[in-house]
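Chemist: Sequence:
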Amino acid sequence: MSLGINNICSAGGILRDQDGFFLAGFNQHLGSSTVLHSVLWSVLDGLKLAWHRGYRHLLLQLDSMEAFEMVASATHDSPISLIRSIFDLLNSDWRMNLKLILCEANMAADFLAKVNGVPGGDLKIYDNCPTELLGILSRDVLRPPYIHLCNLA
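With the first letter of the sequence shown counted as 1, position 119 gets the number 119 in full-length UniProt numbering; the numbers rise by one all the way through.
Rather than coming from a laboratory, the hints here were simulated on the basis of the structure.
Bear in mind the structure is a predicted one, so any value in this text is a computation, not a measurement.
Heads up, the beta-carbon is just placed ideally off N, CA and C, and yes, glycines get one too.
Straight-line distance between alpha carbons at most 25 Å, and here's what the computed BS3-like set of lysine-lysine pairs gives:
hint, residue 1, residue 2
1, Lys124, Lys48
2, Lys99, Lys48
3, Lys114, Lys124
4, Lys114, Lys99
5, Lys48, Lys114
Computed beta-carbon distance windows for the label pairs:
hint, residue 1, residue 2, range
6, Leu82, Ile125, 12 to 22 Å
7, Asn97, Leu36, 15 to 25 Å
8, Ser73, Ile101, 16 to 26 Å
9, Asp77, Phe21, 37 to 47 Å
10, Asp127, Pro79, 34 to 44 Å
11, Val35, Lys99, 17 to 27 Å
12, Ile80, Leu23, 23 to 33 Å
13, His76, Ser138, 36 to 46 Å
14, Asp93, Leu23, 11 to 21 Å
15, Ile8, Leu82, 11 to 21 Å
16, Gly20, Pro79, 30 to 40 Å
17, Pro79, Asp19, 37 to 47 Å
18, Lys48, Ile8, 15 to 25 Å
19, Ala105, His57, 14 to 24 Å
Full structure from sequences and hints, please.
Modeler: As C-alpha cells, then:
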C-alpha cells in the first residue's frame, strides 16, 4: 500500500515459494482511496494471480489487523463487494492459510505497492524480480527475527 498526497493509493504484493524466493509480483494504481481499501485490493489481486498461475497451496500473509479480520470473517453476503470477491476466491479449490505478520516481514510487498503504477492503469505483473527488491528478498529469505522491543515497566 502506498498513501501519498490527497490519499492517492496503490496496491501491490508478491508471490514467493516456500523458501521465500520470488515467483511473481504485482502492483496497481488505485487513485484516491484508504489504506484498508488498498490492502484488500492487494489481497484480491494476489489471490487472482496465484490462481491463474496454478498455485493451489497458499499462505496469505497480512500486516494489517483490520484487513486480516475482514478476510478471515469474509462471507458471500458481505455488504462490501471487495470482501465478497475475496470470499469467492478463498473458497476456490485450494489449500489456504491466513497469517497475521509484523510490518517488517512484509517489506517486499510494501515495496511493490509503492512502485507507482500508471494512474488509471491496469494491474502490472512482474515476472522477474525488480533489481531494487533483491536486497529486501534476500533479507527475508535469511529469516531474521522480526522483534519489537517494548518497555514493560
